[in-house]
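Add chain B to chain A, keeping to what the hints say.
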Amino acid sequence: MSVLHAAETPPHLAPVAERLREVTVEVGSGEGSGAGILWAPDLVVTNAHVARTASLQVRLADGRCLAAALVAADRRADLALLRVPRTRVALASLADSDMVCVGTLVVALGHPLGLRSMLTAGIVHALGPLSAGGRRWIHADLRVAPGNSGGPLADTAGHVVGLNTMIAGGLALAIPINDVRRFVTATLARSP
Amino acid sequence: MSTVMDLSNALAGAVATAARSVFAVHGRPRLPSTGVLWRPGLVVTASHTVESEREVTLTTPDGQSLAAQVAGRDPGLDIAVLRAEAGAMAVAELAPDADLRVGHLVLALGAGPRASVGIVSALDTRAGRAPSETIAVDLTLYPGFSGGPLVDVLGRVIGIATSGASRHLQWAIRASAVSRLVDHVAQRGRIPRAYLGIGTQPVALPEALRERLGLEQRTAVIVVNVRPDSPAGAGGLIIGDVVLSIADAVIAEPEDIVAALRPERVGQTVTVRIVRGGEPRELRVAVGERPPRG
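Those sequence lines, one after another, are chains A and B.
So the first sequence is numbered by my numbering: it starts at 1 and just counts up by one.
So the second sequence is numbered by my numbering: it starts at 1 and just counts up by one.
Extracted from the complex, chain A is given alone in its bound form:
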């Protein structure tokens, strides 16, 4: 955001980018790849449409590749939980997505079109369903592409507010992180 006037150093998003890079993984299923979020030392969350097979490859930001097993996938919610060997890594810091407002600055980290760890920035454009009665999305006015799926949408403090899932009308649609949290909690309750 070089347009800002600041007394000394201009504010920038580099610290947020670094923080998000550490908690964003690449998820490969043999047929294309997407992104994922490090949820716990042995858990990764991504989209169900990214995790299409029972065994997957997870690549950490430091280049290590881990074998991952699908714990559960909810195709309707488009969410999947993966188990990886326990590693010493930074974990995603989660925001309360009910507190997100239209106009809030947000960033996305992912691997659009196979380009690793790309950061894009924009604002929350709208909150709510695509059509009446549908599920609630965070609509973000920022550039994303295939390969961002499963990756974080975060505020400028680096707290994850949503999981980038699809593109509609030029907007990025993210699943609110509170919905993701409920999915993980319910999944672990069933298969600890």
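Hints may be right or wrong, so weigh each one.
If you want a taste of the chain A side facing chain B, the calculated C-beta under 8 Å gives, among others [to be verified]:
1. G63
2. C65
3. V102
4. T104
5. H125
6. D141
7. A157
8. H159
Hint data in this document are derived by calculation from the structure and do not stem from the laboratory.
As the structure is a computational prediction, the values presented were derived from the model and not from experiment.
Virtual Cβ for every residue (Gly too), placed ideally from N, Cα, C.
Structure of chain B alone, referenced to chain A:
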């Protein structure tokens, strides 16, 4: 980094503030547009989004429906002013017009609220338009944003977004120009429509003629109809005249006449530059007011 978070909170705050004065406007089939409560009882939107024969309804930020009537339009600026009983809704706060500079961060709002962010990319550059009425902005105007407010980082209204013809350049009409139109409605109950009483078609100007007369424009309009007892007829315009400019605004296509005939022109005498029989001429025409419909 706290300053980035401060900016983020400021943008979200600007949206929340401005959204209190924003309506969804149902004045065309399917896609609603956006409107702004400019003064008590007076709502501004984009003229092309409210069809004249349709009843207009508004949806308030808290989901109530209100009936509205078109009180006046300026198709040249693509602004319509509606009357509606908006009760206790907050009237939009306007930003000081003179403060606006290229590079300022701005937000465009749709009803919902929905928002996009960008910068002011140019001022006063639209061809054929009088100065100080338009702002070019670098942001995305999503479907339904027409007629919505362009606001600064404090949520104060800078202008009204119009989607216009181009998908690449986005425009807004400056708040000061919008306020002049709203003043017409508040004082006289309507926006006067300037009127000449001619029908025109576009024509290409021959290279030889352009060179001889030192014209930069490649096209103009040819008069194909002059209404009897019209201001144009009284001013001496006849069928076959090629109109080059009106009141120093270049007329390259018929739409430019609408842009040149602003409400303020009603009652004024303007210079119309024409070519008749290959020779340039200047006529003085007293601009009239279009009689109301019906």
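Outcome of the hint check:
For A:G63, the interface hint is violated, since its Cβ never comes within 8 Å of a Cβ in chain B; the closest pair sits about 27 Å apart. The beta carbon of A:C65 comes no nearer than 32 Å to any beta carbon in chain B, farther than 8 Å, and the hint placing it at the interface is violated. The criterion of a C-beta within 8 Å of any C-beta in chain B is met by A:V102, whose closest approach is roughly 5 Å, and the hint holds. Contact between A:T104 and chain B, as hinted, is supported at the beta carbon level, the nearest pair being about 5 Å apart and thus within 8 Å.
The interface hint given for A:H125 is met, as the beta carbon of that residue sits about 6 Å from the closest beta carbon of chain B, less than 8 Å. Because the closest C-beta pair between A:D141 and chain B is about 5 Å apart, less than 8 Å, the hint holds. Residue-level restraint check for A:A157 holds (minimum Cβ-Cβ distance to chain B is 6 Å; threshold 8 Å). Here the hint on A:H159 is broken, as its CB sits about 10 Å from the closest CB of chain B, past 8 Å.
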